[in-house]
Structures are given as structure tokens and as C-alpha cells.
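**Q** Residue numbers (our numbering), protein chains in the order written: chain A, 1 to 426; chain B, 427 to 511.
Keep in mind the hints are simulated off the structure, nothing from the lab.
Take the hints with a grain of salt, since some may be wrong.
[Claimed, not checked] Listed below are the simulated DSS-like cross-link pairs for lysine-lysine, each with C-alpha atoms no more than 25 Å apart in a straight line:
| id | chain 1 | residue 1 | chain 2 | residue 2 |
| --- | --- | --- | --- | --- |
| 1 | A | 380 | A | 417 |
| 2 | A | 160 | A | 208 |
| 3 | A | 197 | B | 489 |
| 4 | B | 495 | A | 293 |
| 5 | A | 60 | B | 489 |
| 6 | A | 386 | A | 408 |
| 7 | A | 241 | A | 417 |
| 8 | A | 60 | A | 417 |
| 9 | A | 331 | A | 275 |
| 10 | A | 50 | A | 246 |
| 11 | A | 219 | A | 275 |
| 12 | A | 252 | A | 408 |
| 13 | A | 275 | B | 495 |
| 14 | A | 252 | A | 34 |
| 15 | A | 331 | A | 34 |
| 16 | A | 252 | A | 69 |
| 17 | A | 208 | B | 495 |
| 18 | A | 213 | B | 489 |
| 19 | A | 219 | A | 50 |
| 20 | B | 489 | A | 161 |
| 21 | A | 331 | A | 246 |
| 22 | A | 295 | A | 208 |
| 23 | A | 252 | A | 29 |
| 24 | B | 489 | A | 194 |
| 25 | A | 275 | A | 69 |
| 26 | A | 34 | A | 69 |
| 27 | B | 489 | A | 208 |
Predicted model only: the values in this text are computed from it and were never measured.
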Amino acid sequence: MMNKMEIRVEANTGSFRDPVNQVYEVKPKPGSEKVRILRGLSNEALSNYKQLSAETFFRKALDAGYVVKTELLEANDKDGNTVLADGWAGVLEHIDVASVEPWEEGEPWVGYRQFCSMFLAPLMLRSYLGIDHLPILRSFIDGIPPIEAAKYFTGTKRFKKGILSHIVFPAKVENSIAKRERDDAPARQRTSNKHSKAMVLGLVQSLKRLVQKLSIEIKHTDWSQYDKTHSYQEAELDAKKAFVIKHASTTKRQYVWDIGCNTGTFSKITSEYCKQVISIDGDHDAVEQLYLKEKNNTNSNILPLVMNLANISPGQGWACSERQAFDQRRKPDLVLCLALIHHLRLSANIPNVLFLKWLRSLESAVILEFVNREDEMVVKLLTNKKEQYEDYNLDQFVAQAEQFFTIKDRESLKGGKREIFYLIPR
Amino acid sequence: MKTIFMNKRNGFAAKLLTMMQAWLISSLIFPATAFAYVDPGSGSVIVTTILGLIAAIGYTFRKYYYRVKRMIVGKNAEENRQDDE
Numbered sequence: 001m002m003n004k005m006e007i008r009v010e011a012n013t014g015s016f017r018d019p020v021n022q023v024y025e026v027k028p029k030p031g032s033e034k035v036r037i038l039r040g041l042s043n044e045a046l047s048n049y050k051q052l053s054a055e056t057f058f059r060k061a062l063d064a065g066y067v068v069k070t071e072l073l074e075a076n077d078k079d080g081n082t083v084l085a086d087g088w089a090g091v092l093e094h095i096d097v098a099s100v101e102p103w104e105e106g107e108p109w110v111g112y113r114q115f116c117s118m119f120l121a122p123l124m125l126r127s128y129l130g131i132d133h134l135p136i137l138r139s140f141i142d143g144i145p146p147i148e149a150a151k152y153f154t155g156t157k158r159f160k161k162g163i164l165s166h167i168v169f170p171a172k173v174e175n176s177i178a179k180r181e182r183d184d185a186p187a188r189q190r191t192s193n194k195h196s197k198a199m200v201l202g203l204v205q206s207l208k209r210l211v212q213k214l215s216i217e218i219k220h221t222d223w224s225q226y227d228k229t230h231s232y233q234e235a236e237l238d239a240k241k242a243f244v245i246k247h248a249s250t251t252k253r254q255y256v257w258d259i260g261c262n263t264g265t266f267s268k269i270t271s272e273y274c275k276q277v278i279s280i281d282g283d284h285d286a287v288e289q290l291y292l293k294e295k296n297n298t299n300s301n302i303l304p305l306v307m308n309l310a311n312i313s314p315g316q317g318w319a320c321s322e323r324q325a326f327d328q329r330r331k332p333d334l335v336l337c338l339a340l341i342h343h344l345r346l347s348a349n350i351p352n353v354l355f356l357k358w359l360r361s362l363e364s365a366v367i368l369e370f371v372n373r374e375d376e377m378v379v380k381l382l383t384n385k386k387e388q389y390e391d392y393n394l395d396q397f398v399a400q401a402e403q404f405f406t407i408k409d410r411e412s413l414k415g416g417k418r419e420i421f422y423l424i425p426r
Numbered sequence: 427m428k429t430i431f432m433n434k435r436n437g438f439a440a441k442l443l444t445m446m447q448a449w450l451i452s453s454l455i456f457p458a459t460a461f462a463y464v465d466p467g468s469g470s471v472i473v474t475t476i477l478g479l480i481a482a483i484g485y486t487f488r489k490y491y492y493r494v495k496r497m498i499v500g501k502n503a504e505e506n507r508q509d510d511e
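Make a model of the complete structure from these sequences and hints.
**A** Set out below in C-alpha cells:
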């Protein structure tokens, strides 16, 4: 029986908006690696959950893996339930099932505006106008509101499918209400008319059809064509793969980050030896290709993310902790950074020492490929740049790396133009 | 002519028309404003009602269309409809 005094229960810093449920992180001991994510539910939310869990569609979604496995914990659960039960009617493991509520005859679809702001507007910006929606979505934590989204669709652009009804019209309504009720004008009561099932399902289905028709064009870039145009010969690439497999396969790891993953060749290789790979690249099209490759693989353990590594997701929202900064979330056990450092040093002007220091802060083993000055990709990067990177060479890099890491293994690649390292934190 | 048309309005359709007219007029006059004391989501009541009504027409049409198609073609039409839902 676990000693209750040893159980550390912390409410997640991003979980406070919904009054009927809250997420907790339960650690058996301070500093413990093992963390259970639990969700406390009010009476109302628990009753909804019980109804939901009896539904066929929910069971099907669970079986298909669309919904994270969710269980109502038994009252005698040893791992923190007795502590968590205070104030809550029940405790669940994982997923936000409290967002699913039974629909009652006459109710509108209350999630409509949120769906449009969080998903539809960003997808339309990307698909119809080719606008990079990610930096915009990063700032609008609750999604892009209709009034903001409508500003992008001027002139004939507003006649693209779905724009008038789901962007322009809601924006006009919100603008007119704001105008009518500004300053001292009293707020008017807006009572909802009864919504029939046909109204709700019709709206949901029309949005489903609309989203399914939205697509993006993947343009030819060096990155997304990397699998065909990388600067390695086949035999040299095999040597690089062998080095990665040699060190990735030594132990079964939980989380691996592949930073600068490109189209995910090495994410795929590493995924066999760990629980999950988080694959990150700043190039949308490269990550999109990886996503499309993994999309239909139900057993995929690769999570592709588009992120500029010189500007990773910061802490956001209330008190900068509603969304944690990317590197403050769960730490990796292994980081792959293959042919990335020259981009950070020569394109983003991030000194190698700062990069290595950040890598060290992750407390993880690292497989790093250093791209030397003679390599044609570095030559290309430096062609039209003022030479101010005298420190960028193999000897200096090794000296800098040894300040933070122990070099466990190294191998020369591409006839000495590149060097691959296996690093362990000092 | 306009007066006669207005007098004929009644019930929910009338409310809808009023709301739509209000929107059309406001779109010509009012500039964009920032929210202060107005909940930005409060417009959703109006928006989902109007869009829901339009969508319900399509939904009902599809429902009967697939029902008729199923009678003529057979089982595949039913599968298509379920997939669509």
C-alpha cells in the first residue's frame, strides 16, 4: 500500500477554464519519472461520461484508437484517487471526455463558433490563400475569431466556398452586435430559437464536407524532395543509418525527439526502438509529407510537428503557463539532430555554444551530425553571406560539445565532410 | 408594395427575415469594432440559427434523396448515406 504522504498531486497549470473538470498530474514521489494524468469530474460531468461510455459510437472510437483509452478509476485505486476524490464525483484517466455532452432537443450546436475559430478559419487561410496560419494561431490562443479571419478574405476571395457563410456572415453579426451594444447601451438578451436535429446535423455535415474538400498544394522544395535530393550517396547514407540504429537501439526509450526531421527518414528508423518519436521541422511541406505517410498507419508512434527550431513554442496564455513552452513539457530520452546545426549557426545566427547549452538542458542523450565547412550544403549557405563564422569548424565544435557532453562515440561521414556524434550529458 | 410584404410577415420566418435585414443593413453602415463588454460568442445564436436552417434544407433533401436511391439501387446507397453522416 502506497503511503499517501508520498503522493504528489498537482493540478495542471493549463487546466482551470472548465468548472466541471480539472486535470491533475500524479507523481508517486517528488521528482518521479512516473506521472499519471488524471481528470477529476463534477457530478454533472460524471453523469455525462457514464452516458457517453455506454454509447456505441464512443466504444467504436475507443476501439479504433481515435480516443485515448479512458477509464473510470475504482474507489479503492491506490494511486492518488483518495486525494483526488475530494471535491469531485469521480476520477478518470486521460482524455477530455468532459467536452462531450448529450444533445437535447432544441439546443443549438454550442461548439460551432469554437470549431470555426480553431479549425475552419486556419484551414481556409492555408488552403484558399496559402497563408501560413501557424504564427497567427500561436497568438490567438482561442482560435482566429471571425472578425479577424474576415479581414483576409476581401474582394472576390469572399466567394470561395464556405467563406460567406462561416467567416463573413458571423463577422458581420458580431460587428453589428458590438456596435449596437457599445458604451452605455444595455446588452440585449439573445434567446435561442429551438434547433431541430436536422439543423444541427445539417450544419455539422456541411462543415465536414467543406473541410474534406480543403486541400493544400505541396510545392517542390529542397526539403520536401530531400529523400530524392539529399547530398548522400547510398553507401554513405547506410553508414549514417547504422550509426543511428547502433545508439538508438541500445535500450528501449520512451520519448525521442527528431529535431530537423525533414521528411522523417530517421524518425521512422528510430520509432522501432522507442514508445514515441516527436518529429519537428520548420518546413511545413516536409512535415506534411511525413504526416501523410503516417496518417493511415494506425500503429504509428510518430508525431510530426511544424516548428521553427530557432523560435520554439513559448509559454502562453494565463501567467504564461496555460500552454507550457515546448521544452518545458515532457523531456525526451534521446534527441536526434542530424544535419541541423549548420542551419541554426549559419542561417539563424545561433552560436553553437547556446545550442549545445539548450540541448544539455534537456538532460538527454544526443545523436548529432556536424556538417563541416567543406560540405556542399554549408558552401551553399555561405555563398552570399558575409564571412563571420570563423568559429564554425569541427575542432571548435568538439571543444564546445565537451563542455556539456561526453562524446561516447563518433564517426566520420561523407569522406570527412560530416561527423556524427553520440553524446551523453556530463 | 414593400408595406404589403412587411404586413404578411409572421412567426419565425418573420424573425429570420428581420435578422437578415438587420445584418444586410448593418453591413453597409457599421465599421469593424473591438469588443469590450460584449461577449464575442453572443452572435453565435443568430449565426447557428440561420446557417442551421439552410443546412437543414440540404440535410432533409439528402435524407430523402438517399432513401429513394436506396429503393432503386439497393444497399450501396445506404452505405454512402451513413458515410456522409
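**Q** State for each hint whether it applies.
**A** Structure-based check of all given hints:
1. The suggested pairing of residue 380 of chain A with residue 417 of chain A holds, with an alpha-carbon distance near 14 Å, which does not exceed 25 Å.
2. Taken as a hint, the residue 160 of chain A and residue 208 of chain A pair is honoured in the structure, with Cα atoms around 16 Å apart against an allowance of 25 Å.
3. Simply put, residue 197 of chain A and residue 489 of chain B have alpha-carbon atoms about 13 Å apart, close enough for the 25 Å limit, and the pair holds.
4. Of the supplied pair hints, the one linking residue 495 of chain B and residue 293 of chain A is violated, its CA atoms being roughly 36 Å apart against a limit of 25 Å.
5. Our distance criterion of 25 Å between C-alpha atoms is met by residue 60 of chain A and residue 489 of chain B, whose separation comes to about 24 Å.
6. Simply put, residue 386 of chain A and residue 408 of chain A have alpha-carbon atoms about 35 Å apart, too far for the 25 Å limit, and the pair is violated.
7. Of the supplied pair hints, the one linking residue 241 of chain A and residue 417 of chain A holds, its CA atoms being roughly 17 Å apart against a limit of 25 Å.
8. Restraint check for residue 60 of chain A and residue 417 of chain A: the C-alpha separation of about 53 Å exceeds 25 Å, so the hint is violated.
9. Distance hint between residue 331 of chain A and residue 275 of chain A is fulfilled; the C-alpha atoms sit about 13 Å from each other, no more than 25 Å.
10. A C-alpha spacing of about 48 Å is found between residue 50 of chain A and residue 246 of chain A, which places the hinted pair above 25 Å, so the restraint is violated.
11. Proposed proximity of residue 219 of chain A and residue 275 of chain A is contradicted: the alpha carbons are some 32 Å apart, above 25 Å.
12. A C-alpha spacing of about 18 Å is found between residue 252 of chain A and residue 408 of chain A, which places the hinted pair at or below 25 Å, so the restraint holds.
13. A threshold of 25 Å between alpha carbons decides the hint, and for residue 275 of chain A with residue 495 of chain B the separation of about 48 Å lies outside it, so the pair is violated.
14. Using a Cα cut-off of 25 Å, the hinted pair residue 252 of chain A and residue 34 of chain A holds, with the two alpha carbons roughly 16 Å apart.
15. A hinted pair counts as satisfied when its Cα atoms are at most 25 Å apart, and residue 331 of chain A with residue 34 of chain A qualifies at roughly 12 Å.
16. For the suggested pair residue 252 of chain A and residue 69 of chain A, the alpha carbons sit about 23 Å apart, so the restraint of at most 25 Å is met.
17. At roughly 22 Å between alpha-carbon atoms, residue 208 of chain A and residue 495 of chain B fall within 25 Å of each other, so this suggested pair holds.
18. Proximity of residue 213 of chain A to residue 489 of chain B is assessed by CA-CA distance (about 21 Å); at most 25 Å being required, the pair is judged to hold.
19. Distance check on the hinted pair: residue 219 of chain A and residue 50 of chain A sit about 47 Å apart at the alpha-carbon level, beyond 25 Å; violated.
20. Only pairs whose Cα atoms come within 25 Å are accepted, and residue 489 of chain B paired with residue 161 of chain A is accepted, the gap being roughly 23 Å.
21. Restraint check: the Cα-Cα separation between residue 331 of chain A and residue 246 of chain A comes to about 22 Å, which is no more than 25 Å; the hinted pair holds.
22. Proposed proximity of residue 295 of chain A and residue 208 of chain A is supported: the alpha carbons are some 18 Å apart, at most 25 Å.
23. Between the alpha carbons of residue 252 of chain A and residue 29 of chain A the distance comes to roughly 23 Å, so the proposed pair stays at or under 25 Å and holds.
24. Proposed proximity of residue 489 of chain B and residue 194 of chain A is supported: the alpha carbons are some 21 Å apart, at most 25 Å.
25. A threshold of 25 Å between alpha carbons decides the hint, and for residue 275 of chain A with residue 69 of chain A the separation of about 16 Å falls inside it, so the pair holds.
26. Distance check on the hinted pair: residue 34 of chain A and residue 69 of chain A sit about 18 Å apart at the alpha-carbon level, within 25 Å; holds.
27. Restraint check for residue 489 of chain B and residue 208 of chain A: the C-alpha separation of about 16 Å stays at or below 25 Å, so the hint holds.
Consistency with the previously given hints fails for numbers 4, 6, 8, 10, 11, 13, 19, ordered from lowest to highest.
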